Amino acid sequence: MSQSPIQPTVAGWFTDGDEPKLIGTQCRGCGTYFFPKQELFCRNPSCTSTDFDEVELSRTGRIWSYTKHYYAPPEPYITGDEFEPYTIAAVELETEKMVILGQVANGFEPEDLHTGQEMEVVVEKLYEQDGTDYTVWKWKPRAS
Amino acid sequence: MSDVYVIGIDMIKFGRFPDITVPKLGATAANMALDDAGLTIQDMQALYSGNLGQAAAMVGQRILAEIGQTGVPVVNCANACATGATAFREGWMAIKAGVYDMVLCVGTEQMGKGLLGGGGASKGIPTEGLLGSGTMPAVFAEAGMEHARNYGTSFEQFAKVSVKNHHHSTLNPKAMYQIETPLETVMGAEMIAYPNTKLMCSVNVDGAAAAVICSEEKARELGKMDRAVKVRASVMTSDPFQARNMSMPDVNTCTQLAAKQAYEMAGVGPEEIDLVELHDCFATAEILHYGNLGLGKPEEAGRMIDEGETALGGRVPVNVSGGLLSKGHPLGATGIANIYEVSTHLRGEAGQRQVEGARLGLTHVIGLGSACAIHILEKAQ
Ligand SMILES: [Zn+2]
Chain R
1 MSQSPIQPTV AGWFTDGDEP KLIGTQCRGC GTYFFPKQEL FCRNPSCTST DFDEVELSRT
61 GRIWSYTKHY YAPPEPYITG DEFEPYTIAA VELETEKMVI LGQVANGFEP EDLHTGQEME
121 VVVEKLYEQD GTDYTVWKWK PRAS
Chain L
1 MSDVYVIGID MIKFGRFPDI TVPKLGATAA NMALDDAGLT IQDMQALYSG NLGQAAAMVG
61 QRILAEIGQT GVPVVNCANA CATGATAFRE GWMAIKAGVY DMVLCVGTEQ MGKGLLGGGG
121 ASKGIPTEGL LGSGTMPAVF AEAGMEHARN YGTSFEQFAK VSVKNHHHST LNPKAMYQIE
181 TPLETVMGAE MIAYPNTKLM CSVNVDGAAA AVICSEEKAR ELGKMDRAVK VRASVMTSDP
241 FQARNMSMPD VNTCTQLAAK QAYEMAGVGP EEIDLVELHD CFATAEILHY GNLGLGKPEE
301 AGRMIDEGET ALGGRVPVNV SGGLLSKGHP LGATGIANIY EVSTHLRGEA GQRQVEGARL
361 GLTHVIGLGS ACAIHILEKA Q
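In the order they appear, the protein sequences are chains R and L. Under my numbering, the residue at position 62 of the first sequence is numbered 62, and the numbers go up by one with no gaps. Under my numbering, the residue at position 347 of the second sequence is numbered 347, and the numbers go up by one with no gaps.
With the rest of the complex left out, here is chain L (with noise of 0.2 Å):
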């Protein structure tokens, strides 16, 4: 089976655009893919389009529409907050299969304003949505209140995942946001859930990502190689069973499971990893992800923010681009744009933000339901 390689990526700048289609949203971004490839429509074989709010609506063909419709093979993708990575991971597969050997992957998502699972039940999983109980805020909320309880994490602690992510944001001029939020300020913020204030709640912003993927013969035979991006994992889980949680959504186990699985299949292990972009819906998700991911012992998650361990210049950087706190969430487009975040690294070309030397970078995506999925990309030698 070949291994799959990223030659072509890249994102829009994620904000708020009623008056942009989501079709045309898309096809922007994967327009931006094939440029950076130095590569058009005409060489694609395949489409894989993911989008939540519109996953009856056959996005990914309207996007050809926009941008050429070539007759290829589409895809369309709906997996919550995984959808993008889903779409990305559906190509890898093609390619690892030996059905194509060049495809591009596109995930988009128009949300409007309002919080994760704000946007009615298609775009959030409905958990005991009547009732009240079961929403994303509370389901982060009392995992974060686990957290706390367990190891002793501090309302502080969980506050300052959300000021390192709005800091790293200021550098990426693709990120919805670029301003500091002092530690005041989020802590001071209006209270969504217990310990999450709404500074510490992800940011629903339109956005697209897109991506060119292809064989190695390909690449090679391109002329792509010098930025290429490896794909040396690709995993996806579900919840597996647990007669605990009938009810209560587990935010942790799935993630557990397919970081295990990527670090095995990528043969490395998580200290060799140079840099994290993982699903930081809520502040509180970041800190419980640091242990589900292995990039620290569970208890020392607080200690790992305190020392800036996950930051810019820290010993393992999570969410250089300012994640989904401040670049912004948008559902169908946060799985590549992740994957762009890390690639661009990879490549050296992340400007103010880049991590020296990253030779390695995970990708990480959960959602509830649940889907995670993670990749794990190095710089193609």
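With the rest of the complex left out, here is chain R (with noise of 0.2 Å):
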């Protein structure tokens, strides 16, 4: 059995393509937007739903706090051969409002970003393992 080169690193989290989207759930009780997707019961204490849609997330927003994250994290993280430390962005969606964590597209320092800055969805690789490249979603700045 042959291996695709190029694996999501969590499946179902975001699609692929030139234009990526992360993938969540919408109640349609109460509306809240999710991600990671929320299936079963909502986590609204006023809302019984429990239908959700799965909705693609708009891809864009802007940057609520960012760091830059020079300690390996412990596992299920890998690191490969030698820890690269990484910019890291907490992202308000632009539609949903909701506050979504992820590296920083690579080559960006926190130098380069600003609270407010506008992000978009891009999937980059963050690890290779056995052959095999998974990738993430990471933000990146928008050129404007």
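Since the hints were derived computationally from the structure, they do not count as laboratory data. Computed from a predicted structure; not experimentally measured. All C-beta atoms in this analysis are idealised placements derived from N, C-alpha and C, irrespective of residue type, glycine included. Heads up, some of the hints might be wrong.
Once the Cα atoms are required to be at most 16 Å apart in a straight line, the calculated EDC-like pairs of lysine to aspartate or glutamate come out as [what the hints assert, rightly or not]: (1) R:Lys97 / L:Asp250; (2) R:Lys21 / R:Glu94; (3) R:Lys68 / L:Glu190; (4) R:Lys140 / R:Glu109; (5) R:Lys68 / L:Glu146; (6) R:Lys21 / R:Glu56; (7) L:Lys379 / L:Glu349.
Covered by chain L, according to a simulated footprint, are these stretches of chain R (three or more residues, beta-carbon under 8 Å) [claimed, not checked]: (8) 39 to 50; (9) 54 to 61; (10) 65 to 71; (11) 78 to 91; (12) 117 to 126.
These two chains come separately, so use the hints to put the complex back together.
Spelled out as structure tokens, the structure:
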């Protein structure tokens, strides 16, 4: 059995292609968006809905906060041979107004970022294992 | 419902004890607390044990196997960094409910080296663990950055928290470290997640702390009121639903909720609190919690640290023990260790670091995930 050389780190959390999007759910009862997907019961204590639609979330948002992470996270994070510090951002989605954490696209440092800055979802390699590149969503400053 | 009193409390000196088992660490603290109360395990009607790393391993029963298997009920608690406070609060509730009139609460942890959340999934919350964006250093760094943006708080002001707490720990023989860390050393240390350097992150240590608590009637009957500490409030919260924070851990709201409830339960305001042991898992966290606990307005936090308001001798000394940053943070022990610190001041037994005339103190812990516990303690009258 041959394996595709590119795989998402977590299946079903984002789409690929030129304009990748995060995949979440929306509660039919109260309209709340969820990421990761909520599928069984609603987290909203005043909602009893059990119906959720899978939705693609807006692929742009604005930076709420950001930092640079110099410390190798514990397992299950896979660091490869040598840990490389990375920039991370918490971004408030344009439409859903939910804050989503993510690494920032390769090559961007905190100096390149500011709060309120517009970001978009991109998909980049997170790590490589057994000849396969595993990808994840990242936040990239939107070219203006 | 009876008021609840602490009549015996102690902790081992925090450090690294790789050759001592978790139950032995807990047993040592338990016997110290029993000695402090002048009682024995035979007097305890139940044991509430907090431990996170061995949450499935019956640590409480194994502590009894070290100090005396009296056959009493044992409850084992795990609640992230609020584990010790949860064990204490379970004991408090049992006495409040009138089921028992005297119980033992023990918090224990063996951490090994590394940073908070650095010990694998069993020791922290594996938020997006695989993806590397939801680690605790990252979450508290970003929360600090938000404070900086909203209120102009600077890297230097965050760093001063660590300078202060390390200074305090030089006066605490039970702290992991007794070393001064000048501002330039803190700011120049290895960066973990901006604005927190390595010296602005809590220290992973092994530790244990224990408390004997009882009803008012029992404390009077045993003649223990002179050194007793009254529990004026015991409150716990979890994260309330917020559509904005489905995946982003919120480090503020559950503390604000718990503080409001605790002040109401105690019938006191934050301005009456003489000292605070709060959850400085990262230097940025202490700054956030000044506002969350109502010690000042959020925008005043930077000024409070600049002017020494939260240092020993200041308006409301915070983390006089050295805090998690320098005393150390053995997860399951921390909640009872900070109750020990405040109780020691209320008893007037804190030696060089005594907060003079302390009458009311507050302890606070927060475990991401989230569990927040606050206790308000008062010198018994
Ligand atoms: Zn709903």
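Need the status of pair lysine 68 of chain R, glutamate 190 of chain L: alpha-carbon distance at most 16 Å?
With a Cα-Cα distance of about 12 Å, the restraint between lysine 68 of chain R and glutamate 190 of chain L holds, given a limit of 16 Å.
Given pair status - aspartate 250 of chain L, lysine 97 of chain R, alpha carbons within 16 Å:
At roughly 15 Å apart (the allowed maximum being 16 Å), aspartate 250 of chain L and lysine 97 of chain R satisfy the hint.
Counting residues of the segment 117 to 126 of chain R whose CB is closer than 8 Å to a CB in chain L, do you get three or more?
With 1 residues close enough to chain L, the hint is violated.
8 Å C-beta criterion, at least three residues: is the segment 78 to 91 of chain R covered by chain L
Holds, because 4 residues of the segment 78 to 91 of chain R bring their Cβ atoms closer than 8 Å to Cβ atoms of chain L.
Assess, step by step, whether the Cα of lysine 140 of chain R is no farther than 16 Å from the Cα of glutamate 109 of chain R, and give holds or violated.
Roughly 11 Å between the alpha carbons, so the hint for lysine 140 of chain R and glutamate 109 of chain R holds.
8 Å C-beta test of the segment 39 to 50 of chain R against chain L, three or more residues
holds (count 3)
Holds or violated: lysine 379 of chain L to glutamate 349 of chain L, with C-alpha atoms at most 16 Å apart:
12 Å, holds
Given the hinted pair lysine 21 of chain R and glutamate 94 of chain R, is their alpha-carbon gap at most 16 Å?
12 Å, holds
For the pair supplied as a hint, lysine 68 of chain R and glutamate 146 of chain L, confirm whether the alpha-carbon distance does not exceed 16 Å.
14 Å, holds
Examine the segment 54 to 61 of chain R: at least three residues should have C-beta closer than 8 Å to a C-beta of chain L.
That given contact is violated, which follows from only 0 residues of the segment 54 to 61 of chain R lying within Cβ reach (below 8 Å) of chain L.
Does the alpha-carbon distance linking lysine 21 of chain R and glutamate 56 of chain R stay inside the 16 Å limit?
6 Å, holds
With a C-beta cutoff of 8 Å, work out whether three or more residues of the segment 65 to 71 of chain R approach chain L closely enough for the coverage to hold.
holds (count 7)
Checked against the numbered hints given earlier, the structure breaks hints 9 and 12 and satisfies all the rest.
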